[in-house]
Amino acid sequence: MEIVLALAIGVLTGSGVWLLLRPRTYQVIMGLSLMAYAVNLFIFSMGRQGLAIDKEPVLRAGIPTDLVNYADPMPQALVLTAIVIGFAMTALFLVVLLASRGTAGNDHVDGVHSRDVQEMP
Amino acid sequence: MDFISLLMPHLMLAPIVLPMLTSALMLLMREEQQRLKLTLNILSTLAGLLIAIALLMWTDQAGAPVTMGVYQPGNWPAPFGISLALDRLTALMLVTTSVVALASIVFAAVRWHRAGVHFHPLFQFQLMGLAGAFLTADLFNLFVFFEITLAASYGLLLHGSGRARIQSGLHYIAINLAASSLFLIGVSMLYGITGTLNMADLASAIPHVDGADRGLLHAAASILAMAFLIKAAMWPLNFWLVPAYSAATAPVGALFALMTKLGVYTVLRLWTLMFSTQAGESALFGSTWLICGGMLTMVFAAMGMLGSQRLTNMAGYAAILSSGTLLAAAGFGQNLLTAGLLYYLPSSTLALAALFLLADLLDRWRNAGARTAPYEDDEAPFLNAELVPTAGLNLDEDEEVLIGRVIPAAAAFLGLAFLVCTLVITGLPPLSGFVGKVAMLNAVLNPMGVGTSAGHVPGFWGWALVALLIATGLVATIALIRVGMRHFWASHDRNTPQLRVAEGVPIAVLLLCCIVMAVQAGPVLRYMQHAADALHSPGTYIHGVLTQAPVPNPIPAKEQP
Chain A
1 MEIVLALAIG
11 VLTGSGVWLL
21 LRPRTYQVIM
31 GLSLMAYAVN
41 LFIFSMGRQG
51 LAIDKEPVLR
61 AGIPTDLVNY
71 ADPMPQALVL
81 TAIVIGFAMT
91 ALFLVVLLAS
101 RGTAGNDHVD
111 GVHSRDVQEM
121 P
Chain B
1001 MDFISLLMPH
1011 LMLAPIVLPM
1021 LTSALMLLMR
1031 EEQQRLKLTL
1041 NILSTLAGLL
1051 IAIALLMWTD
1061 QAGAPVTMGV
1071 YQPGNWPAPF
1081 GISLALDRLT
1091 ALMLVTTSVV
1101 ALASIVFAAV
1111 RWHRAGVHFH
1121 PLFQFQLMGL
1131 AGAFLTADLF
1141 NLFVFFEITL
1151 AASYGLLLHG
1161 SGRARIQSGL
1171 HYIAINLAAS
1181 SLFLIGVSML
1191 YGITGTLNMA
1201 DLASAIPHVD
1211 GADRGLLHAA
1221 ASILAMAFLI
1231 KAAMWPLNFW
1241 LVPAYSAATA
1251 PVGALFALMT
1261 KLGVYTVLRL
1271 WTLMFSTQAG
1281 ESALFGSTWL
1291 ICGGMLTMVF
1301 AAMGMLGSQR
1311 LTNMAGYAAI
1321 LSSGTLLAAA
1331 GFGQNLLTAG
1341 LLYYLPSSTL
1351 ALAALFLLAD
1361 LLDRWRNAGA
1371 RTAPYEDDEA
1381 PFLNAELVPT
1391 AGLNLDEDEE
1401 VLIGRVIPAA
1411 AAFLGLAFLV
1421 CTLVITGLPP
1431 LSGFVGKVAM
1441 LNAVLNPMGV
1451 GTSAGHVPGF
1461 WGWALVALLI
1471 ATGLVATIAL
1481 IRVGMRHFWA
1491 SHDRNTPQLR
1501 VAEGVPIAVL
1511 LLCCIVMAVQ
1521 AGPVLRYMQH
1531 AADALHSPGT
1541 YIHGVLTQAP
1551 VPNPIPAKEQ
1561 P
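Protein chains in written order, with the numbering used here: chain A, 1 to 121; chain B, 1001 to 1561.
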């Protein structure tokens, strides 16, 4: 389980960083989104007991209220906030991206329509 | 004073709540009601300034070495609930923010606030985010307030539109979103290791971290620091800063001079809390990196200042120079040096804000009153090959250039303001920049051997800081004097500048604050010394936050059956 999660976070982050360094604005925004997903998964894995399997997420009658029986609620609260903020920021970035596309006439991050940059694989 | 104490702890909430309510109210108004929004904005910012001054006076009560205000908005005891904390450093940052904000909104009132929509609500949201980030005593709320500040700054940067702003805004947003990811990774790692997000609780947990986890802790702190250092413009993470700051409209640029100081503030606050000398094995972790990074930033910024031709670019590099100086000085972790840097922080921020505003007026003068600058390249203004007097000058019978001409009042004001800005930014005597730099040099060299923590022998890094403080000052002087000569001494076919009172007054007030700081250097430095002492003995802060009891329920609890 740990290795699967670690691999997932690693692959998402790696792809995100790769896309972030690309010349097109669309690739940059995809990269930022992938990085945000990776970060959210990472926050989940940083609970007090690492990954909790088969544990209650919220309090339930009849189960003693300590962390032995429950998943750590804190990372879930953090992820929720991070997701909301991340969405808002991505939406805002998208607007700026469209505005940049409109003024520059191309979707290069520097606004320069360069042939050799465009031809890069 | 009694009246303020009566209002405390609740007054602490006002710097956050007041701008929030103001901007919420403004969102309800129609876009055409610009004048009403402007009035509301100025009044709210003015009220914010008064509140900040009241808080400053409260933290600096006579007789008490450290006065801490702690407020628990959710009424939960400290490590579990959200906490706000107010000490001298926080109050200082709040006052600086309010002064700069008031100056820039008055400046914007002349014309810039009409350059786009929703300027006023965004402005207030920015103030709310800044105040919240200064006041919070909780890592995750620090993230939330950072994001509020950033979201507002994205909008403000794009205010006025135009290709240059959108292009640099794109880079600015991308780099800040990436930095936010780093911030979250650092925060969650710290939570995983210590099990707390409260800064005071974190500080008391760090000496007891397992030996096996210490590497992870340092990694988490480094990742978190990376996020702050991107905000604080540490080299080389600031390639976006100069284009963005110089593309922004003048009042926004002035406000952005504060944004780099937010990064410096968080580094100061968190580093002195988490890695104080009492932090066991982790004591002063990363100090060499801070010093090295700060010094490299200083060198980079000085070269940038020398290399830039437009005044707005130069102001951007001056902002980087100021945060480099602050970070390098902070890395030493000595309370005397920290006092010097705390003095330097508001004085350089005020002068930078004034320089951003002044650059706008000079640009307009150069473009003969055109509403927007017609150029978008990096060409220098009227850079003729030789800056010698040419035709059309006053000559006497011997064909000598007549010295002494009537200087129009507006041009004289611009020239004087530019001179004061130069003096403060470069740290030349007799103004506040000089006092701040001397206080720092004095702490490093400590010729009289006074004080507690500063060493008598500066050592390699101490000498390096001394050399860089003087050298960057010299380079900045050369760069700014060159601009001054080009704008004020060389002859041009220009009319006298059109200066409105509402544009001159904010610049004059900002610079007047610097002069007052220099005149009142004794009491101001004493305040900074108290603030620095409190930063370097974090026990008081930790104790203050953790022992604050929740307010008891006013309704008596029902009898248990």
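Just so you know, these hints were derived from the structure itself, not from any lab. Don't take each hint at face value.
[To be verified] Over 10 Å on every C-beta distance to chain A, these chain B residues come out as not near it, computed from the model:
id, residue
1, His1010
2, Phe1140
3, Glu1147
4, Leu1158
5, Gly1162
6, Leu1177
7, Gly1195
8, Trp1235
9, Ala1410
10, His1487
11, Thr1540
[Stated by the list, open to error] Just some of the chain B residues that point at chain A, by a computed CB distance under 10 Å:
id, residue
12, Leu1150
13, Ala1174
14, Asn1176
15, Ala1178
16, Val1187
17, Arg1214
18, Phe1460
19, Leu1512
20, Val1516
21, Val1519
22, Gln1520
[Unchecked claim] Label-pair restraints from in silico Cβ distances:
id, chain 1, residue 1, chain 2, residue 2, range
23, A, Glu56, B, Pro1523, 32 to 42 Å
24, B, Leu1007, A, Ala88, 47 to 57 Å
25, A, Val68, B, Ala1212, 16 to 26 Å
26, A, Gly62, B, Gly1081, 42 to 52 Å
27, B, Met1008, A, Ala77, 22 to 32 Å
28, A, Asn69, B, His1543, 46 to 56 Å
29, B, Thr1277, A, Ala88, 50 to 60 Å
30, B, His1543, A, Ala77, 45 to 55 Å
Backbone N, C-alpha and C define an ideal beta-carbon position, used for all residues, glycine too.
Now the hints, each set against the structure:
no. : hint                            : verdict
1   : His1010                         : holds (26 Å)
2   : Phe1140                         : violated (6 Å)
3   : Glu1147                         : violated (5 Å)
4   : Leu1158                         : violated (7 Å)
5   : Gly1162                         : violated (8 Å)
6   : Leu1177                         : violated (5 Å)
7   : Gly1195                         : violated (5 Å)
8   : Trp1235                         : holds (20 Å)
9   : Ala1410                         : holds (35 Å)
10  : His1487                         : holds (30 Å)
11  : Thr1540                         : holds (27 Å)
12  : Leu1150                         : holds (8 Å)
13  : Ala1174                         : holds (6 Å)
14  : Asn1176                         : holds (8 Å)
15  : Ala1178                         : holds (7 Å)
16  : Val1187                         : holds (8 Å)
17  : Arg1214                         : violated (17 Å)
18  : Phe1460                         : violated (36 Å)
19  : Leu1512                         : violated (37 Å)
20  : Val1516                         : violated (39 Å)
21  : Val1519                         : violated (44 Å)
22  : Gln1520                         : violated (41 Å)
23  : A/Glu56 x B/Pro1523: 32 to 42 Å : violated (58 Å)
24  : B/Leu1007 x A/Ala88: 47 to 57 Å : violated (34 Å)
25  : A/Val68 x B/Ala1212: 16 to 26 Å : holds (22 Å)
26  : A/Gly62 x B/Gly1081: 42 to 52 Å : violated (28 Å)
27  : B/Met1008 x A/Ala77: 22 to 32 Å : holds (30 Å)
28  : A/Asn69 x B/His1543: 46 to 56 Å : violated (34 Å)
29  : B/Thr1277 x A/Ala88: 50 to 60 Å : violated (40 Å)
30  : B/His1543 x A/Ala77: 45 to 55 Å : violated (27 Å)
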